[in-house]
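Participant: In the order they appear, the protein sequences are chains H and B. Numbered continuously in numbering that gives the first Met the number 0, the first sequence closes out at residue 374. Numbered continuously in numbering that gives the first Met the number 0, the second sequence closes out at residue 374.
These are computed hints drawn from the structure, not numbers from a lab. Hints should not be assumed to be uniformly reliable.
To be verified - DSSO-like cross-link-like pairs, simulated, lysine-lysine; straight-line CA separation at most 27 Å:
1) H:249 / H:359
2) B:321 / H:114
3) B:321 / H:321
4) B:204 / B:159
5) H:80 / B:288
6) B:80 / B:105
7) B:159 / B:114
8) H:293 / B:114
9) H:359 / H:13
10) H:114 / B:249
11) B:293 / H:321
Stated by the list, open to error - A short list of chain B residues far from chain H (calculated; beta carbon distances all over 10 Å):
12) 96
13) 125
14) 249
15) 321
Computed from a predicted structure; not experimentally measured. Idealized CB from N, CA, C, for every residue including glycine.
There are 2 protein chains.
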Amino acid sequence: MTQFSFDLHNTDGKARTGIIHTPRGDIRTPAFMPVGTAATVKAMLPENVRATGADILLGNTYHLMLRPSAERIANLGGLHKFMNWERPILTDSGGFQVMSLSDLRKMSEQGVTFKSHIDGSLHEITPERSMEIQRLLGSDIVMCFDECTPHPAPEDVAQKSMRMSMRWAQRSRDAFGDRPGHAIFGIQQGSVFKDQREESAEALKAIGFEGYAVGGLAVGEGQETMFQVLDYAPDMLPADKPRYLMGVGKPDDLVGGVKRGIDMFDCVLPSRSGRTGQIFTRHGVLNIKNARHKDDPRPLDESCTCPACRSYSRAYLHHVFKAQEIIASMLMTWHNLHYYQELMAGMRDAIAAGTFDHFKSQFHAQRAQGDIEPL
Amino acid sequence: MTQFSFDLHNTDGKARTGIIHTPRGDIRTPAFMPVGTAATVKAMLPENVRATGADILLGNTYHLMLRPSAERIANLGGLHKFMNWERPILTDSGGFQVMSLSDLRKMSEQGVTFKSHIDGSLHEITPERSMEIQRLLGSDIVMCFDECTPHPAPEDVAQKSMRMSMRWAQRSRDAFGDRPGHAIFGIQQGSVFKDQREESAEALKAIGFEGYAVGGLAVGEGQETMFQVLDYAPDMLPADKPRYLMGVGKPDDLVGGVKRGIDMFDCVLPSRSGRTGQIFTRHGVLNIKNARHKDDPRPLDESCTCPACRSYSRAYLHHVFKAQEIIASMLMTWHNLHYYQELMAGMRDAIAAGTFDHFKSQFHAQRAQGDIEPL
Chain H
0 MTQFSFDLHN
10 TDGKARTGII
20 HTPRGDIRTP
30 AFMPVGTAAT
40 VKAMLPENVR
50 ATGADILLGN
60 TYHLMLRPSA
70 ERIANLGGLH
80 KFMNWERPIL
90 TDSGGFQVMS
100 LSDLRKMSEQ
110 GVTFKSHIDG
120 SLHEITPERS
130 MEIQRLLGSD
140 IVMCFDECTP
150 HPAPEDVAQK
160 SMRMSMRWAQ
170 RSRDAFGDRP
180 GHAIFGIQQG
190 SVFKDQREES
200 AEALKAIGFE
210 GYAVGGLAVG
220 EGQETMFQVL
230 DYAPDMLPAD
240 KPRYLMGVGK
250 PDDLVGGVKR
260 GIDMFDCVLP
270 SRSGRTGQIF
280 TRHGVLNIKN
290 ARHKDDPRPL
300 DESCTCPACR
310 SYSRAYLHHV
320 FKAQEIIASM
330 LMTWHNLHYY
340 QELMAGMRDA
350 IAAGTFDHFK
360 SQFHAQRAQG
370 DIEPL
Chain B
0 MTQFSFDLHN
10 TDGKARTGII
20 HTPRGDIRTP
30 AFMPVGTAAT
40 VKAMLPENVR
50 ATGADILLGN
60 TYHLMLRPSA
70 ERIANLGGLH
80 KFMNWERPIL
90 TDSGGFQVMS
100 LSDLRKMSEQ
110 GVTFKSHIDG
120 SLHEITPERS
130 MEIQRLLGSD
140 IVMCFDECTP
150 HPAPEDVAQK
160 SMRMSMRWAQ
170 RSRDAFGDRP
180 GHAIFGIQQG
190 SVFKDQREES
200 AEALKAIGFE
210 GYAVGGLAVG
220 EGQETMFQVL
230 DYAPDMLPAD
240 KPRYLMGVGK
250 PDDLVGGVKR
260 GIDMFDCVLP
270 SRSGRTGQIF
280 TRHGVLNIKN
290 ARHKDDPRPL
300 DESCTCPACR
310 SYSRAYLHHV
320 FKAQEIIASM
330 LMTWHNLHYY
340 QELMAGMRDA
350 IAAGTFDHFK
360 SQFHAQRAQG
370 DIEPL
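Construct the complete structure from the given sequences, taking the supplied hints into account.
Facilitator: Rendered as structure tokens:
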């Protein structure tokens, strides 16, 4: 059986391209992972997600443990079979969403207890339980259970939070055990404090993981601050393992992240924006509900080859969006995911060719020329 | 250019099979037309509607005239291009929905004035305006503007209504003019009164149409009464033209309609039921929200080849339905439309083979054995 491994093929400055090998297929990096929260990438059939170029999906432990439950999914043959996606799946640990979505949570050294946002039922996640859930789901890449330190955090609060996450990282690794073909990633915390990022990276490396995430960013600190942290944080993580920036982001966040040595990203933005009519194009963001699209026979982007652009006008997409038709979400989500995957493919090719800086300049120049509506 | 024509290939009792030829492609009869109200068959991409076996869609004049407007669609190249469906489209006249959906309508010999249910704006539909709208949309099969007589109606009210519809039929035919490759269908009214159905049929035949609809049924009279009318009403219409039963229906309505000489049907039932979790199968109706499906690894129907049945369990469909995920509507609509088209194909084959009665017995027997939940 293929084991989990990472081959770094090319670097261009700090930007990297390579392949993560897994028994369920290869993941070309830099990779963008569409989010399939409740065992579906909203408004998409999985074969169409694949057609956009996605090699891997992200599933949410918090949502799936509450509904339909990890045990139920395991009995039905695992998450891949359940949702009809045979390629790799990365699952988060549930930590981030238990903080942002659930009620009445109580956190201790042991873990977190909370009430479901769906039915109010009481649940607990500990590092050990998170590992168990992710194993029941059949996740290919398991994330450590951690606390995503809120922003802004005073230095002592951030440190206390990071150190607990590092103890949880050890418990996660211990509970994960030895599972050939499956990987567990550690998550660096430390907020915007360089010495804490360093301490966290050292703690994770001492434990040893198949990959490393930069956590605690994209939580309201803004792109400038995020990039400041990314100017040093990824460098602290092993160069021969994948580096994953969690919950990011907008197209220019991805380009800036890759430039700083990130290999993997996930974000709900392209799929959520597809449902709210925010369209990502080479020229920036287009808001389909704007009345100026009402009579426009042009596609969203003349150079795009996605089904929405090949076969439909802006006028049609405006119409079905205003009429609240499901096809609006279907087509615009498809377009956005296609755009994101094309962007990743463009970056991979540029890194391989040693032209990443040129690619990045062109990326920004096209947006500056375009008819951009701020998101 | 291919003209509009109807070739009757086989009859088996009163049941008929044949082909309606149009410049945009053939329509195999008996035919079921999925409804694409607002320029989309809800939750389906048009290529997937085609993949279920549909030869023709129905578009709603009332909805499209209000949003995005017939003139806008015409400027954008017509409804086929607008909605990415190159095959035939039949449009209704707007008459039925103006009665059921709009506010403050006023009917006169001239036509109907009403307020839009979307924005309260004032509109008028007359037979002449209905023909103009359907021409602007680019409809292949245009329906006469008529009044769908409510049920129950006293005999004199039904007669008055039917006679106005017959005057409107003449005005519709006159306004339609001569449009090679396009067809206009007359609509028989007369409620449940045989002599009025006869009078209506004679009036329509005297005007002359490319096809004839049986109107004023499926409006609350129940299947038994509908079949009583269908025992004689279709026979009054020309045998060498297509006969269309408007707004019908459930699977057993279709089988009973074909048995009585109907060639075309349309109904929102399979698509609407797909969104509300009512699944049509050979064994009857399955309600996906029922908790008994929660752990069921079986597909909706083991013998069905649609994507929902090929790749997903009842447990998954139950989950995504409960989680209100769009994919639930996408997959279950696809299944229902696939089932309807398979049913039509089965009837066409049986009629061609002279075994329609056997087919009908089998159809009812399978449902009787099955795990039927009443609709």
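Participant: So, against the hints stated earlier in the document, which numbers end up violated here?
Facilitator: Violated hints: 6, 10, 11 and 15; rest satisfied.
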